[in-house]
Structure formats: structure tokens, C-alpha cells
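Number of protein chains: 2
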Amino acid sequence: MVTIKDIARELDLSYSSVSLALNGDTRIKEQTRERVKSKAEEMGYRRNAQARALVMNKSEMVGFILPDIANPFFASLILGAEEIAFRRGYSLVICNTNWSSKLEAMHLNLVIERKIDGILLVSCNEPNPTLEKVLSLELPVVFVSSPYPDAEANFVGTDSEHGGYLAAKHLLDLGHRKFVVVGGRFNSEAISQRFKGYERALGEYGIPLEESDVYPGDFSVESGCNSIKRILSEQHAFSAVLAFDDLIAIGVMNGIRESGLRVPDDISVIGFDNIEAASFSGIDLTTISMDKISMGRLAAEMLLDDLYCTDKPRDRKRTVLDQELVVRKSTGPVKRP
Amino acid sequence: MVTIKDIARELDLSYSSVSLALNGDTRIKEQTRERVKSKAEEMGYRRNAQARALVMNKSEMVGFILPDIANPFFASLILGAEEIAFRRGYSLVICNTNWSSKLEAMHLNLVIERKIDGILLVSCNEPNPTLEKVLSLELPVVFVSSPYPDAEANFVGTDSEHGGYLAAKHLLDLGHRKFVVVGGRFNSEAISQRFKGYERALGEYGIPLEESDVYPGDFSVESGCNSIKRILSEQHAFSAVLAFDDLIAIGVMNGIRESGLRVPDDISVIGFDNIEAASFSGIDLTTISMDKISMGRLAAEMLLDDLYCTDKPRDRKRTVLDQELVVRKSTGPVKRP
DNA sequence: AAGAGAAATTCAAACGTTTCAATTTCGAAA
DNA sequence: TTTCGAAATTGAAACGTTTGAATTTCTCTT
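Protein chains in written order, with the working numbering: chain G, 262 to 598; chain X, 262 to 598.
In case anyone wonders, no lab produced these hints; they're calculated from the structure. Hints are not guaranteed to be accurate.
Below 27 Å or equal to it, Euclidean Cα-Cα: the simulated DSSO-like pairs (lysine-lysine) are [said to hold, decoys possible]:
hint, chain 1, residue 1, chain 2, residue 2
1, G, K266, X, K590
2, X, K394, G, K300
3, G, K363, X, K300
4, X, K298, G, K363
5, G, K394, X, K490
6, X, K266, G, K394
7, X, K590, G, K490
8, X, K457, G, K319
9, X, K290, X, K300
10, G, K590, G, K439
11, G, K490, G, K457
12, X, K590, X, K457
13, G, K430, G, K490
14, X, K266, X, K300
15, X, K590, G, K590
16, X, K596, X, K578
17, G, K590, X, K490
18, X, K457, X, K578
19, X, K363, X, K490
20, X, K439, G, K319
21, X, K457, G, K298
22, G, K298, X, K590
23, X, K578, X, K319
24, X, K319, G, K266
25, G, K430, G, K596
A few chain G positions that, by computed beta-carbon distances, are all more than 12 Å from chain X [as the list claims (entries may be wrong)]:
hint, residue
26, F447
27, V475
28, E483
In this text, all values refer to a predicted model and were calculated from it rather than measured experimentally. We put the beta carbon where it would ideally sit given N, CA and C, even for glycine.
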């Protein structure tokens, strides 16, 4: 491997000169700088970011730890974050926790060892002592999409409670009065808040949400499909489904149709996130929409901004993005029997 | 930051002992090892992977460079690769090229500077001198999904030509004789091969594929939708659409339906990749299926295996995964007028 | 021709590890 | 007690940079 020393030897310069020249320091004579640069080019020199990071105490990498890379919602977040990170010379280290706080902890430790400069985190929000420890470090962390419950922490996302409210309100406006809630893990803060939003809307109509109306599961099409089939087999009386995300909602619609019922004629379904698939003709899912790519971008920007202003007492930042109801064909007025 | 030296001072040991102890070297007395480890724990020591990488000349990171993180096909590849990488102690650095060889080159340079140990690459296959240079390096590279045209290079993917053949053959078997091909960039090797597969199948029926039957575009729903609308407005005579991937195919179906026609009654559509959305009820896309997560896993395994066997003359490896036609409801027999 | 001042370059330490040869310590055999 | 070998520990260099202080080399002035 070609190093700075090799170039120095070749050019009969000290290696500090070479380093300075390569970094465009004007203390080095213009002509020498050029000589160094072209020699470096010629010899195929590539600077060693590790060595650089060691002495400069920053790696220009950030970690993005999230529950499920393949979930289109998170994939969009990554896309936005990667764009900004790359534009500012940073690389993204991606870690998939598969909704496990154990994996979340392992990944946190791993990226910290790697001396990444900051962390974007979609936490699965289970109690996690490692995360506590990390937050007490000097290392900047931005929570994305799902906020950190207690502590003051940087956050970019939406007002999930409000989103949940919007979703439930829409169904109520259509005349629905009996609901089931499908999917999700309740330890996730974003999900708890969505649920609270549902409850608030229903509360305005004096409708309680019983434990038995709620069917937890994974954030996947398969899980949504299985849940709704179980629900239908239980003869639960309901006219509308509140799904915690679009994948679940799509699964629910699959299940309903496979059971010989129609959406929305027999049952209305509303999702959450507005992933691309929600808009496909044939799916046409009513859902709560937000700009996921911007969310990723803003999160990365918030983190990187934090990295630039070193050692100043950083104050906590919060960015809450708009969201809105997108009405498609999966919801309709309740059928009066 | 707590370093090895701090522990050494605290315990009145040399820092080589501490290093050895921390790495579980048996030359250090059991008891000392334990003492060091618990002290490290107590002081909140985290080893510095940068420093380690510098001296060991390996970073235990691999780069994954690909065209579009948010495309579900690629997202699945990442998921599989991340799983294996993490399991073996490696981190994945993700880079999005947005189908631009310029970005591809920039990312290649960046990850090499970062001293990643190897590269997983879904190349956009445009001529790329930087890539040439990288391949001449000692650095292991595995091409994923889309092979490197000329050179002998590690590859994990499918036989795209065969896949293309299967797709076209299916439509021919259904009686279709007039086709349009929608989407994709032809510089991508995988796409060229799919196209060749189409041609071979049509060739068996003596049907030529004219330039005018082919509508290039992006790998996106939107692009597919726009293309088909243009095609329909041109009054092109055809009964079936060969789409280069599922997103395009879904867009095509959207466009067809929005134009008041039916799939497959009026026009049959076949995709490629079998992304999850293809199976959603309401989409039901006939497509060519392959195991994308396995593809990601195998690629990572191939790369990591290469990293372990250092300095042996590595021979080029190829893994070709099976693929199969999945018939759903987007294709049907041609309607005789 | 000397000296001042600026410009250009170099020195040397530092970043936090690993590693292997060298040294010290220890316990037991002679 | 001495000696020997094994066990345990240490020293020192190396990895490839950056950086501020120190030094050298110029270029003018006078």
C-alpha cells in the first residue's frame, strides 16, 4: 500500500510536507503542492482514513441502527439519511436489530467501538441498559421516527399520537363504531402513541378500546393476514380495522379478501406510513402519510450539525414533521345492517 | 476516553499485558486476565477499532454499494448481507449510487479510504475506470445480482438470461405474439441478459424484438406507469408487456387500469424479481422469483470467506441461484379478436 | 554583505492498539 | 542455596496519519 512516506521518499520531502500538501495547506508552496498531488495520483496513493481518524479523533462515519431494513418505511429513512451523509463526506453504517433490544444493544456497542461519530436510531424501545449508557456518553444520538420515552433526546419524526387520532377519526366520521386494532409491538414508543391517538378519538365518541379488540403481531403482511383470519374466525363484531402500519394493513386486506369478504364494503381498513405500495392500484390503502425521505434527511442533518458544533453545550433538538390522512379506497361508510 | 493505558496505570501493569489479557491470551495468568477484564468493565473501557484496524490492517467492515436502497429487491439483499456480516463481527457500510456510475466511483473511493476489507457491489455496469482500478487491487469484491461483463470476478446472482427466457416463454405459451418491453437501463448487465433471454424465447417463435418495441426508463412504478401510458397513446399493437422488474410491472398495471383497460383480459403483464408486493392480493403479479435474502447472505459469505483465507491465491467464485416462474393473475391467454 | 522577515519545510510527538522478542519472576529439582 | 525451565510480564516498535513548534531556506532591504 502506498503511504505518505512513500511519496515523501520519492520526492525527497519530509512526510509532514506531503501530508500538508495533500490537505492543501497554503504553508506549502503551490508548486510543491502540485508536485505532491500529481505524484500521489501517479503512485495510486489513497489516504488511510483509519490512521486519520485515530489522530483526528473522528471517523466521519455515522451508524444507523433500525429494526428492519427491508421494511419500506425504514428503507426510505435510510435513503434520505444516506443522501445527506454522503453529501457531507460521511459514510453510513447500517445495523438491523430485527426488533430485538438485545441486537440493538450489540449493535450500539459495535458501532461505538468503530468510533463512529454519531448514531441515528430507530429504537425498538424496550428497556435497554446499554442504550442508557450510550446516552450518558458524549456521543450524539438522534432518535428517528420513534422517540425516546423519558429522557430529553434529539428526535426527528412525526406526532404519532396525532396520526393515530387522524386515522381513527376518519373511520368514526365514516360511521364506524366497532373496531379492531391489529399488529405492532407496544414497547415501541411510536406505536404506543399511535394507540393513544386511536383511544382519544374513540373516547370522543365514548367508545372504549378493550384489550380484546387489540391483536398484537409483527409489522409484516403475513402477520396482518394471520391476525385478521384469527379475528374473523372468532366472529368478533367490527366494521373497521386500525392497522399499525401499511404492511399490516395490506396483510389484513389480503386476509379479508381471502375470507370472501370485501374491502371496504364489508370491512374498512386503514394503515399507517403511506409506503409506496399503499398507492398501487389494486391496493389503494387509506393511510396516514408522511415524508419519510425527508425524515431521513432531516435526521442526518440534525446529527451532522451536532457533530460540527463540537464541545459547545448542545441543546436537545426536536423536529416534528407533518402528516396527513390520505383517503383511498380501503375505507368507506359503514354499512347499516 | 478510557484507553488500555488507563487500565494499565490503574492496575500497575504494562499496557501490553492489558492488551493481551483483554484479548484472552493464555500467556497472561488467568487471575490477571480476570482482574483486567473486570477493571475494564468497571472503567467503561471500549476498545478503539480504528487503532486496532491500523495495526492489524483490517477493519472488519465491508462496503455494500448498490443502485437503490429503497428498491425492495435491493433492500432484501442488504437484509441478508447484514445478517451474515453482523454474525461474523463485521459491519456493513451502505452506499447508494442512484444508478450513477459517477456516484459508484465516488463511493468506491470513499470506502477504500475507509479501509473496508471487501466490497459487495451491485454495479450499474456503466464503463467505470475507477472500478477497473479497484478490481486490479488486492481488495476482494463480490458482484451481486448483476455480473461484471468481461473480467473474471466473484459473483452471486441468478442466470438472468434464463429468467428472461422463462418470462417470455410463459407469455408465448399463453398465445401472445406481440410484445412491448418496458423499463430499465441497458447498461446494466443483468438487464441486458434478461433482454437476451426475451429475445431467445421470441426467436424460437420467429418473432423479432424491434427497437420500437422497447421503452427504456427507470426501475420505478412511476416510470412504468408513464411508459405504458405513452405506449397506449401511440396505439402500439401488443397484447403483453415484459417489464424489467416488478416495480415497473406494477406501474404498468396501474397505467393500464387507469386507461380503462383490464389486466390480464386486455393486456398481460409479467415482472421480474418477485418482490413482496407482487404477491399482495390486488396486485397478483406474475413474475420471475428468486430468493433475494439468500442472495444477500451468500454474497456476504463469499466475501467473508475470501477475507479469511488471506494471501492464498484466491480463485474466482460464482454462485448462481435458482429462479422460477410464479404465475399469478397478471397474465392470461391472449384474446383472439 | 549582513540582517531581518517571510516563506517553506522539517521534527517529533501523538492517536490507541498489537505483537514478538526480551526480561523478570516463580517454583521445583538438584 | 543454586540452577533450570516454564510461566508471566514487559519493552519497544509499528501501523499511517496530523499538527504546532522549530528550523531552514529564501528574498529583500539597507
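If any of the earlier hints don't hold here, list their numbers in rising order.
-> As far as the earlier hints go, 1, 5, 8, 16, 19, 20, 21, 22 and 28 are violated by this structure, in ascending order.
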